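Number of protein chains: 4
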Amino acid sequence: MNFGSDNCGPAPSEIIASIVEANKGYQSSYGSDSLMDEVKSHFKNLFEHPDLSVYLVATGTAANALSLACICPPWGTIFCHQESHIQVDECGAPEFFSGGAKLTLLEGHHGKIDPIKLSQTVANTGVLGVHNVQKGALALTNTTELGTVYTLAELNELTSIAKNNHIQTHLDGARFANALIKLGCSPADLSWKAGVDILTFGGTKNGLLGVEAVVIFDPKLAWEFELRRKRAGHLFSKHRYLSAQMLRYLSDGLWVRLAEKANKLQESWPTDWRQTPAQKSSIPLMPI
Amino acid sequence: MNFGSDNCGPAPSEIIASIVEANKGYQSSYGSDSLMDEVKSHFKNLFEHPDLSVYLVATGTAANALSLACICPPWGTIFCHQESHIQVDECGAPEFFSGGAKLTLLEGHHGKIDPIKLSQTVANTGVLGVHNVQKGALALTNTTELGTVYTLAELNELTSIAKNNHIQTHLDGARFANALIKLGCSPADLSWKAGVDILTFGGTKNGLLGVEAVVIFDPKLAWEFELRRKRAGHLFSKHRYLSAQMLRYLSDGLWVRLAEKANKLQESWPTDWRQTPAQKSSIPLMPI
Amino acid sequence: MNFGSDNCGPAPSEIIASIVEANKGYQSSYGSDSLMDEVKSHFKNLFEHPDLSVYLVATGTAANALSLACICPPWGTIFCHQESHIQVDECGAPEFFSGGAKLTLLEGHHGKIDPIKLSQTVANTGVLGVHNVQKGALALTNTTELGTVYTLAELNELTSIAKNNHIQTHLDGARFANALIKLGCSPADLSWKAGVDILTFGGTKNGLLGVEAVVIFDPKLAWEFELRRKRAGHLFSKHRYLSAQMLRYLSDGLWVRLAEKANKLQESWPTDWRQTPAQKSSIPLMPI
Amino acid sequence: MNFGSDNCGPAPSEIIASIVEANKGYQSSYGSDSLMDEVKSHFKNLFEHPDLSVYLVATGTAANALSLACICPPWGTIFCHQESHIQVDECGAPEFFSGGAKLTLLEGHHGKIDPIKLSQTVANTGVLGVHNVQKGALALTNTTELGTVYTLAELNELTSIAKNNHIQTHLDGARFANALIKLGCSPADLSWKAGVDILTFGGTKNGLLGVEAVVIFDPKLAWEFELRRKRAGHLFSKHRYLSAQMLRYLSDGLWVRLAEKANKLQESWPTDWRQTPAQKSSIPLMPI
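Residue numbers (this note's numbering), protein chains in the order written: chain L, 65 to 352; chain A, 65 to 352; chain U, 65 to 352; chain Z, 65 to 352.
Everything labelled a hint here was simulated from the structure, so no lab data went into it.
Please note that the accuracy of each hint is not assured.
The list treats identical chains as one, so a pair stands whether inside a single copy or across any two.
[To be verified] Dumping the calculated BS3-like pairs for lysine-lysine here, alpha-carbon to alpha-carbon at most 27 Å: (1) Lys328 to Lys181; (2) Lys328 to Lys88; (3) Lys325 to Lys88; (4) Lys104 to Lys246; (5) Lys181 to Lys108.
What you are looking at is a predicted structure, and each value in this text was computed from that prediction instead of being measured.
Could you build all of it, start to finish, from the sequences and the hints given here?
Given below as structure tokens:
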């Protein structure tokens, strides 16, 4: 058994097959392909939300940073866990995409933000008016960077604090599927019904070659996201190869089966597998 | 025959096969895969330049904007043709990546910068010291956005103006292969020997699914490029799928054969196929 | 007679006296001084607009760039004259403050934008959707950089084009007073009644030591302006010294008398005083 | 006695007199005034450093943020105390000016960075290569935001850690004079001899209307600082009014006498005057 990260193993044969299939015939470019139309329908059904928008990018860092830039102004601060991927592993991408927003780091056991800490910190932010950065956005991760999972009640508590302070919430769902399975709830429950405004729905850590979907539940954010994506070089001309993977992933429950397999593997790991930052960076959450 | 752009047609079977092949076994992530080692060797041989660095990204906009940000400071201006892709088709990506550099637009017939215009404009830039933006970088495209080709003499004349003014040159080679064939010269002739410091070596418009190589001839730029790439979300975790395509593309002259085929098709087009901006945006340079 | 620019001569004795006076006693800091309350009242009366907001900064570049950043997103383009101060003399400040907006340069005789050119250019902007930068803002200057003046009809024609295209207009009024006198109209006529959304009301080129007022007619922009001002280091702790100058300037018509004097001097200049860029940079519009 | 901050009281009569005097006759603009030449000489003598450069701006936020942007790249992190002005009171100015650098917050008693914490934190920064932000800059404040003073030994310990890690040090000396007096050392001792590369030499909190000097000990940073200053709208056309104040301030020891007076007042304050953040923001360090 190989304990390298999911980044190192092969993709499922279904995904490769979808690329081979997508290569046949002609398709519109830049996201106007018919496969993407199907992807959109899937997401609207899956999330029980007819007004959502969905866009594909190739990396989690792009998905997260583009999303955060849409909900946090340059003079805002993003409340996030001190071990969150956006703080630790993205070389400052949120700062770059947002035009210089700050990240306010929060503590909490097992990679989960402590709601009391969040509440107090948000309350103390921007109290001196223009002298301080302003309340900007809440950034959560589920499955967290430490492999733990927020319950629905925990999510709702945190996003309620955000809403009460008039800021929006991004959920980094690089491992959304794994959390979903552990909780046994619906995608809607784990996202917009729990107060999430914009979601990184990960595919790459669950079998795709490099495809993440950004699911936007607030229609006002959609056009800005499109412009930011293009301007950042994240709109693919031959978009159909991304669409095809995501479409196959969503079809007949493949994405759920892949996550179930990964969750089972994780349970069998030694309990002390997460001791150092170096080890953490290669968490073998998804050896396929 | 389909006159849609190369963005819409299928990729060559060899490229798809390379992805299937790359999916076997385990590989290091984030560009440390052994396929990328081979890609690096290929580029050093191909360009007769043992000290070059090469990095892969997935879109031409990313390749161009990241490259320009490495050679032009925020207070510099990028001298480019008024019809260049970086000005017309990238939603301001160079401005975003560079931190707000300006683009100074130059005229010239057939998409080629007039050297007299360049010389005069550069000479008039920054003459009032801090009050003006400074000479920043020269940005060329070959094959140009209008399908024409700079000769080696023309390239050398333009890059000499840059060098004499202590600025560096980026070449957008989204269709580098097509120019190479038309000129019958070597890759080295068409790049660093002609004064190019950093090159977008395109693959996407010549058969790849979405892979561009940035070839850096000035070693001082390499580490900064790596940081900018990661920070912009353009470093792929499962990098091997990009490496594999580029490796196959470079092997046994495939990239040259693909470009030869495209060049021949172009010759057979009606002479008036490039009349309006709308048409220009879908130039069928590469119907495979 | 000294033909150096207005930047080089002494300020009127009334202005110096206002600073001496402001130095007495205690005042609130950061713009909460009682002198600023009076300044606000003056502006509301002067511009016949009870809902305007007004803020002071110390340089014209700051006033212009902060204003433009409030009305143009990073992916927008600012339509301006090719000889405008924001393009030629600010070292890329609009690009910096806006997060990388583009400037689209327009021609026009005597420093005035040709409305037909504006209309055509705006119409051709953003036509390919996300591939292009978007219509961002209109930037006018009155008195223009060449010492000419837009009539009210000309202003209205240009701002109507902006409004019809759903973009806002900034007026660089570094020499607003000089235009006002030449036209013999009211401040309201020359600003919001002519379609201006945000105005740089200059003081520095008309006698102040370094004070510009930004007058905001669209209340939605005010809070963002305050945050951008602080974040850019343009909020003064000892704000009362700016307030005092502006208050004295507005009182008993001093600002108008100063501009009248300057306008008369200008008329007596030789007609060929504006031949080279170097000369242009030191236009002696305001020798006091 | 008025316990409002030094921002609220009058400036010394000598400073006002210097403005009145500077208003006579003609002077070159944009920092080319002869008064500034004298200021430069003063700084070179005062700091015993013939190669330093010095520039004036009007606010501490501008001085700090421009300085930090010159020594920290966008992908770097600035190591600073968690209660530092740049973190708490500048609405994200360092992030804005630097193009999105991060601030890494450090603990330490009495507003002083704990050297062990610094050493550990720096050592743990950037260990995963491009995935992390890089070691960027060290930012110190002396007199600190809590009114305490770093000794020379403490400063040297901290800047040595920076040097050993190949990053540069900025010192926020908004209250440099107060620290100098308390330590009884020379300006050179408290700056470049203690490892400081770039210094905010404050005037505003010690009697000036709004003038801070940025003193640059590393000649390589000077031209970039000039460009950044202009681009940010912080270069004054009528620069002589800033020069005059700074010149008077430095002449015949006025700046030292003002700080001595303030230090004495501080000693007489009740010991519990600094208990809450709100109180802290209006520390009456300099009631004149």
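Hint check:
{"no.": "1", "hint": "Lys328 to Lys181", "verdict": "neither (33 Å within a copy, 40 Å between copies)"}
{"no.": "2", "hint": "Lys328 to Lys88", "verdict": "between (36 Å within a copy, 23 Å between copies)"}
{"no.": "3", "hint": "Lys325 to Lys88", "verdict": "between (31 Å within a copy, 19 Å between copies)"}
{"no.": "4", "hint": "Lys104 to Lys246", "verdict": "within (25 Å within a copy, 43 Å between copies)"}
{"no.": "5", "hint": "Lys181 to Lys108", "verdict": "neither (35 Å within a copy, 44 Å between copies)"}
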